[in-house]
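For reference, the chains in residue letters:
2 protein chains.
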Amino acid sequence: MRLAVVGATGEVGRMMTRVLEEQKVKPSLIKFFSSKRSAGTELTFMGKSYYSEELVESSFDDLYDYALFSAGADVSRRFSPIAADKGTTVIDNSSAFRLTKEIPLVVPEINGGLLENYHGIVANPNCSTIQMVLSLQQVNNLYGLRTIVVSTYQAVSGAGRKGIEELDRQEKGLVPEASVFTRQIYRNVLPQIGEILDNGFSTEEMKMVLETRKIFDDEDISIWPTTIRVPVEYGHSESLYVETRKPFILEDLKRVIAASENVVLKDDIITPLEISGSDMTFVSRLRSFDGKRFLMWNIADNIRVGAATNAVRILLRHALLNRLS
Amino acid sequence: MRLAVVGATGEVGRMMTRVLEEQKVKPSLIKFFSSKRSAGTELTFMGKSYYSEELVESSFDDLYDYALFSAGADVSRRFSPIAADKGTTVIDNSSAFRLTKEIPLVVPEINGGLLENYHGIVANPNCSTIQMVLSLQQVNNLYGLRTIVVSTYQAVSGAGRKGIEELDRQEKGLVPEASVFTRQIYRNVLPQIGEILDNGFSTEEMKMVLETRKIFDDEDISIWPTTIRVPVEYGHSESLYVETRKPFILEDLKRVIAASENVVLKDDIITPLEISGSDMTFVSRLRSFDGKRFLMWNIADNIRVGAATNAVRILLRHALLNRLS
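Sequences listed follow chains A and B, in order.
Under our numbering, the first residue of the first sequence carries the number -3, and numbering increases by one thereafter.
Under our numbering, the first residue of the second sequence carries the number -3, and numbering increases by one thereafter.
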């Protein structure tokens, strides 16, 4: 298996490399690409040193089986079609192609079947979307999802390494004004992630609406998101209210969620600090007044579950379904 | 007007004293009471020094017109009936009497009329409840509230001065384990405020359900709260989803909220850090997909609007309605 990692020196790119190691992926060739500015950065994979190379159009002449992209939407738009044209299956972590009709938007536990006999660009969903749909996968199958109201508590690492650095600097009193974030994030919470659109929703919120419907292949799910940045380093949290199409018994619902792939149901409360570094999505505080609607608290490592781990799971599932492993 | 402040050395008690000054309340007599441990603490009111006295049963022999209580439910249960028996109108910030049928639970802008010809104990609602009902007061009047889903982002000062101190100590790396809070709050968020009850909801969440229904005098409002602690010093934030009984046009809804007493509607985003110290409740990010349900971001200073300011507003409204001012 021949692999390329694009955006290899970023927060998600580095984690993709680590998850590839952890998942014991053993490529015959692996190359790491970055911007010109970060080219030459030393990276290790399986105990061996590599140096990132500047991404250029000819980078894909080496005919990779897979290219994992995490270098932003502009880089994906320009370079991933070049890779795909040469027969490489691109797993793209950016928002560039997520809502393109012909491009599968994949969370393998839910719609991994789309990868069978598929070659080209595969889109990796937004971090907040992935952990939400993972927790609701079997609820959707068994009860149907009518309405989801979700409020997020998103870690600064969602804005990359520079997000964590900005929180650090503000904590030390070094930065008078915000720059990565629109307001001070230290000892504050910000009710905006991405741009605010004409309909009053933010780009991050509309990702949750549109991506969730595409992943579940159901345009009738009514989704009401509010995405908020909080001063946490790693781990997105979500407060969820879900109205199902069929009524449920709470004990059954607990079993259904606990049995969902890569989801852990906890009786005790659980916080982002505790789950940082895990590849599982954690659900706790599951409760209901009426057996028609329920509340839950959902957390996952945004860099792993919300980005790198899902991308590597797409690679593994694709390889398995297409006998490339 | 003769005034007593009980719990005068605490975070809310001190703020009550400051709000009394700001509102130009000029008592003929004012006394400050505290626990034995804090007795003798120097306090200033209108430029004059006072020393807190230990609260004892005979403390109310001075026949106060009003006693502002903020010393916890146990102190309120024991001492406020003694004060009330002597003809003092008690404004109690604790949860002790909020759900007692005969005791009015008052947000003056909404149900201040209950104070007319009333003498005895008046309950001040929970901080998270006050700012939510303030923002929704006119929405309830004009459209009716069917369902409220609320997720909170609550400041550490909600746990008093010791909550802020715990965040400070954890930031400095001084405390290995949590004590005021059940988990580390520094660079974390905690999905529990109060105790978790048998129904899976926390005491804080059930306060929001039961107090909101009592204040609006409507048992049919369906309320689904999730209360979360965040590492912010002052200012509670709330992400609200509201389903109204009658449909609305978004522009009308904006005007209705903007015209609500002591509520400010902002076009731009707004954060708790910016509104700390204000007596107003701020609404922003008002938006809807369908004219039947809407989302909004609601913030207020939890020590002022959520406690001290509402208590002083109760005092002023009571004095006005009963010609004691």
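Hints listed in this document are in silico derivations from the structure and should not be mistaken for laboratory results.
Glycine included, every Cβ here is placed at the ideal spot set by N, Cα and C.
Wrong hints could be hidden among the right ones.
Stated by the list, open to error - Listed next, the in silico SDA-like pairs over lysine to any residue satisfying Cα-Cα at most 20 Å (straight line):
{"no.": "1", "chain 1": "B", "residue 1": "Lys242", "chain 2": "A", "residue 2": "Ser218"}
{"no.": "2", "chain 1": "A", "residue 1": "Lys288", "chain 2": "A", "residue 2": "Asn137"}
{"no.": "3", "chain 1": "B", "residue 1": "Lys97", "chain 2": "B", "residue 2": "Thr199"}
{"no.": "4", "chain 1": "A", "residue 1": "Lys22", "chain 2": "A", "residue 2": "Ser34"}
{"no.": "5", "chain 1": "B", "residue 1": "Lys168", "chain 2": "A", "residue 2": "Glu229"}
{"no.": "6", "chain 1": "A", "residue 1": "Lys262", "chain 2": "B", "residue 2": "Lys242"}
{"no.": "7", "chain 1": "B", "residue 1": "Lys262", "chain 2": "A", "residue 2": "Leu193"}
{"no.": "8", "chain 1": "B", "residue 1": "Lys262", "chain 2": "A", "residue 2": "Asp194"}
{"no.": "9", "chain 1": "A", "residue 1": "Lys242", "chain 2": "B", "residue 2": "Thr143"}
{"no.": "10", "chain 1": "A", "residue 1": "Lys242", "chain 2": "A", "residue 2": "Asn137"}
{"no.": "11", "chain 1": "A", "residue 1": "Lys288", "chain 2": "B", "residue 2": "Lys262"}
{"no.": "12", "chain 1": "B", "residue 1": "Lys242", "chain 2": "A", "residue 2": "Thr143"}
{"no.": "13", "chain 1": "A", "residue 1": "Lys32", "chain 2": "A", "residue 2": "Met(-3)"}
{"no.": "14", "chain 1": "A", "residue 1": "Lys288", "chain 2": "B", "residue 2": "Lys97"}
{"no.": "15", "chain 1": "B", "residue 1": "Lys168", "chain 2": "A", "residue 2": "Gln166"}
{"no.": "16", "chain 1": "A", "residue 1": "Lys288", "chain 2": "B", "residue 2": "Glu239"}
{"no.": "17", "chain 1": "A", "residue 1": "Lys97", "chain 2": "A", "residue 2": "Ile217"}
{"no.": "18", "chain 1": "A", "residue 1": "Lys97", "chain 2": "A", "residue 2": "Asp213"}
{"no.": "19", "chain 1": "A", "residue 1": "Lys158", "chain 2": "A", "residue 2": "Thr143"}
{"no.": "20", "chain 1": "B", "residue 1": "Lys288", "chain 2": "A", "residue 2": "Val205"}
{"no.": "21", "chain 1": "B", "residue 1": "Lys242", "chain 2": "B", "residue 2": "Asp214"}
{"no.": "22", "chain 1": "B", "residue 1": "Lys168", "chain 2": "A", "residue 2": "Ser218"}
{"no.": "23", "chain 1": "A", "residue 1": "Lys288", "chain 2": "B", "residue 2": "Gly196"}
{"no.": "24", "chain 1": "A", "residue 1": "Lys262", "chain 2": "B", "residue 2": "Arg179"}
{"no.": "25", "chain 1": "A", "residue 1": "Lys288", "chain 2": "B", "residue 2": "Ile217"}
Claimed, not checked - According to the in silico footprint, chain A covers these stretches of chain B (three or more CB under 8 Å from chain A):
{"no.": "26", "stretch": "143 to 152"}
{"no.": "27", "stretch": "194 to 207"}
{"no.": "28", "stretch": "258 to 272"}
Evaluation of the provided hints:
For the hint pairing Lys242 (chain B) with Ser218 (chain A), the CA-to-CA distance comes to about 19 Å; that is within 20 Å, so the pair holds. At most 20 Å may separate the alpha-carbon atoms for a hinted pair to count; Lys288 (chain A) and Asn137 (chain A) meet this at roughly 16 Å. A distance of roughly 19 Å separates the Cα atoms of Lys97 (chain B) and Thr199 (chain B); the hinted pair therefore holds under the 20 Å criterion. Only pairs whose Cα atoms come within 20 Å are accepted, and Lys22 (chain A) paired with Ser34 (chain A) is rejected, the gap being roughly 25 Å.
A C-alpha spacing of about 16 Å is found between Lys168 (chain B) and Glu229 (chain A), which places the hinted pair at or below 20 Å, so the restraint holds. The straight-line distance between the Cα atoms of Lys262 (chain A) and Lys242 (chain B) is roughly 39 Å, outside the 20 Å bound, and the hint therefore fails. For the given pair, Lys262 (chain B) sits about 16 Å from Leu193 (chain A) by alpha-carbon distance, which is consistent with the 20 Å threshold. Straight-line distance between C-alpha atoms of Lys262 (chain B) and Asp194 (chain A) comes to about 16 Å, which keeps the hinted pair within the 20 Å bound.
Using a Cα cut-off of 20 Å, the hinted pair Lys242 (chain A) and Thr143 (chain B) holds, with the two alpha carbons roughly 19 Å apart. For a cut-off of 20 Å, the pair hint linking Lys242 (chain A) to Asn137 (chain A) stands: about 11 Å separates their Cα positions. Taking the CA atoms of Lys288 (chain A) and Lys262 (chain B), the gap is near 35 Å; set against the 20 Å cutoff, the hint is violated. Distance hint between Lys242 (chain B) and Thr143 (chain A) is fulfilled; the C-alpha atoms sit about 19 Å from each other, no more than 20 Å.
As the CA atoms of Lys32 (chain A) and Met(-3) (chain A) are separated by approximately 26 Å, the hinted pair breaks the 20 Å bound. About 30 Å separates the Cα atoms of Lys288 (chain A) and Lys97 (chain B), which puts this hinted pair outside 20 Å; it is violated. A C-alpha spacing of about 14 Å is found between Lys168 (chain B) and Gln166 (chain A), which places the hinted pair at or below 20 Å, so the restraint holds. Restraint check: the Cα-Cα separation between Lys288 (chain A) and Glu239 (chain B) comes to about 16 Å, which is no more than 20 Å; the hinted pair holds.
A threshold of 20 Å between alpha carbons decides the hint, and for Lys97 (chain A) with Ile217 (chain A) the separation of about 18 Å falls inside it, so the pair holds. For the given pair, Lys97 (chain A) sits about 11 Å from Asp213 (chain A) by alpha-carbon distance, which is consistent with the 20 Å threshold. Restraint check for Lys158 (chain A) and Thr143 (chain A): not satisfied, since their Cα atoms lie roughly 35 Å apart, outside the 20 Å limit. Restraint check: the Cα-Cα separation between Lys288 (chain B) and Val205 (chain A) comes to about 18 Å, which is no more than 20 Å; the hinted pair holds.
Straight-line distance between C-alpha atoms of Lys242 (chain B) and Asp214 (chain B) comes to about 16 Å, which keeps the hinted pair within the 20 Å bound. For the suggested pair Lys168 (chain B) and Ser218 (chain A), the alpha carbons sit about 44 Å apart, so the restraint of at most 20 Å is broken. Taking the CA atoms of Lys288 (chain A) and Gly196 (chain B), the gap is near 16 Å; set against the 20 Å cutoff, the hint holds. A C-alpha spacing of about 16 Å is found between Lys262 (chain A) and Arg179 (chain B), which places the hinted pair at or below 20 Å, so the restraint holds.
Among the hinted pairs, Lys288 (chain A) with Ile217 (chain B) is consistent with the structure: their alpha-carbon atoms are about 16 Å apart, no more than 20 Å. Judged by the Cβ-Cβ criterion of 8 Å, the stretch 143 to 152 of chain B is covered by chain A as claimed, because 3 of its residues qualify and three suffice. Closer than 8 Å: that is the beta-carbon criterion, and the stretch 194 to 207 of chain B has 3 residues meeting it against chain A, so the requirement of 3 holds. Counting residues of the stretch 258 to 272 of chain B whose C-beta lies closer than 8 Å to any C-beta of chain A gives 6; at least three are required, and the coverage claim holds.
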